[in-house]
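Q: Please take these sequences and the hints and turn them into a complete structure.
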Amino acid sequence: MNIDEISAKNKPLEEEIAKLVESQDAHQMAVILQQLSGSLILQPGTFPPELTPDKLRELAQNDPKNPALQPRPMVLRNKDEVNFLPVFTSKEQIPEDQKYPAMIMVPFMECAKLADRQKEHISGIVLNPFTQNLIIKQQAIEMMIKNVPQQGEVKMSAAQMHAFLRSQVELKVLPAKLSTEKNDFIDDLMARKGKVLIELLNSEYAKVKGLEDKNPYTEKDFDFLCMNMSDTERVVQITMPTRGTEPYHIISAFLFYNPQTEESVYYTIRRRPENLNQKKLGFVDAQGNYQDIGEAPTEGAELYTLLDMLPWKRA
Numbered sequence: 001m002n003i004d005e006i007s008a009k010n011k012p013l014e015e016e017i018a019k020l021v022e023s024q025d026a027h028q029m030a031v032i033l034q035q036l037s038g039s040l041i042l043q044p045g046t047f048p049p050e051l052t053p054d055k056l057r058e059l060a061q062n063d064p065k066n067p068a069l070q071p072r073p074m075v076l077r078n079k080d081e082v083n084f085l086p087v088f089t090s091k092e093q094i095p096e097d098q099k100y101p102a103m104i105m106v107p108f109m110e111c112a113k114l115a116d117r118q119k120e121h122i123s124g125i126v127l128n129p130f131t132q133n134l135i136i137k138q139q140a141i142e143m144m145i146k147n148v149p150q151q152g153e154v155k156m157s158a159a160q161m162h163a164f165l166r167s168q169v170e171l172k173v174l175p176a177k178l179s180t181e182k183n184d185f186i187d188d189l190m191a192r193k194g195k196v197l198i199e200l201l202n203s204e205y206a207k208v209k210g211l212e213d214k215n216p217y218t219e220k221d222f223d224f225l226c227m228n229m230s231d232t233e234r235v236v237q238i239t240m241p242t243r244g245t246e247p248y249h250i251i252s253a254f255l256f257y258n259p260q261t262e263e264s265v266y267y268t269i270r271r272r273p274e275n276l277n278q279k280k281l282g283f284v285d286a287q288g289n290y291q292d293i294g295e296a297p298t299e300g301a302e303l304y305t306l307l308d309m310l311p312w313k314r315a
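Position 35 of the sequence shown, counting from 1, maps to 35 under the numbering used here, and the rest follow consecutively.
One or more hints might be untrue.
To be verified - With a Cα cut of at most 30 Å, we get these calculated DSBU-like pairs of lysine-lysine:
no., residue 1, residue 2
1, K280, K313
2, K172, K91
3, K113, K137
Claimed, not checked - Quick list of simulated restraints, FRET-style, between CB atoms:
no., residue 1, residue 2, range
4, D188, N277, 30 to 38 Å
5, F224, I3, 38 to 46 Å
6, N183, K119, 42 to 50 Å
7, R117, C226, 45 to 53 Å
If you're looking for bench data, these hints aren't it; they were derived computationally from the structure. For every residue, glycine included, the Cβ atom is placed at its ideal position computed from N, Cα and C.
A: Below, the structure written as structure tokens:
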């Protein structure tokens with residue numbers, strides 16, 4: 001993948017970051033961290049002063065695999081003399097007058113691991129420092145690496161933590177299980193319905209010290225519509241709880257599975273944070289990233305509208 005492809009792919013992520021900059025919503029931050037965990041980004045690099053361009057060319061000609069040819073990640077120091085690793089989601093986020101010796105295409109999680117290893121000297125990662133300037137602190141980086149929010153590592157209120165754990169199940173756990181367990185997961189949802197959701201939530205709560213038995217939801221909080229539409233279409237619609245809901249939480253999820261091709265799609269309907277009376281349609285892609293794809297179908301017609309959008313019907 002080249003820089004242009006990374007830049008295009010990260011446009012939905014940049015839109016989500018813009019929403020966070022405007023709303024300062026803790027749950028939206030959780031959505032962004034989830035998307036970042038599977039994203040490629042651009043990291044500026046540099047070389048030691050003694051490695052002039054001529055010297056680099058000489059090294060490359062003599063030994064293209066020479067470790068000295070690998071650029072070192074740059075460090076950005078703010079006005080308070082605090083160090084951050086700068087990264088960019090696209091080339092458009094880099095000012096034209098800001099030139100770097102090298103630009104490294106790297107998974108975001110590799111940057112996170114580097115920042116974690118250098119935590120004595122690095123306070124976090126700054127995303128798009130010249131435009132959106134989103135700072136991801138060490139507490140959030142540790143959470144991403146462990147894939148578990150630990151008490152004391154992420155400064156969230158109890159309500160924010162509940163919102164985060166629910167989001168983990170809605171936007172990460174459910175689509176991941178559909179993608180990996182396929183027909184077996186659809187069978188389990190159709191057979192046990194709310195019991196499955198409670199087990200998934202309990203599993204997330206069990207990872208957080210002090211919240212191990214604090215899952216506020218019950219089986220009755222979830223409504224299910226399960227149908228085997230045809231030989232190529234099985235669907236489970238889950239209507240999520242209305243209590244304890246934040247604007248970014250899912251209203252309903254649609255899990256589609258094709259037993260013949262083993263393809264699956266995980267669609268979501270959520271409220272628009274800028275207008276809670278409007279709803280938007282989204283899906284979680286194969287890399288586990290959420291993408292907003294426009295206005296939600298008319299209420300009551302969602303299922304049949306989504307059936308017409310299934311990728312195996314468009315093939």
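Q: Determine for every hint whether it applies to the structure shown.
A: Quick rundown of the hints versus the structure:
Distance restraint check for K280 and K313: the Cα-Cα separation of roughly 22 Å lies within the 30 Å cut-off, and the hinted pair is therefore satisfied. Distance restraint check for K172 and K91: the Cα-Cα separation of roughly 28 Å lies within the 30 Å cut-off, and the hinted pair is therefore satisfied. For the given pair, K113 sits about 13 Å from K137 by alpha-carbon distance, which is consistent with the 30 Å threshold. Checked against the hint of 30 to 38 Å, the pair D188 and N277 passes, with Cβ atoms roughly 35 Å apart.
Here the CB-CB span from F224 to I3 is close to 44 Å, well matched to the stated 38 to 46 Å. Roughly 43 Å separates the CB atoms of N183 and K119, a value that falls within the hinted 42 to 50 Å. Remark: the range hint 45 to 53 Å for R117 to C226 is upheld by a beta-carbon distance near 46 Å.
When each numbered hint is compared with the structure, no violation occurs for any of them.
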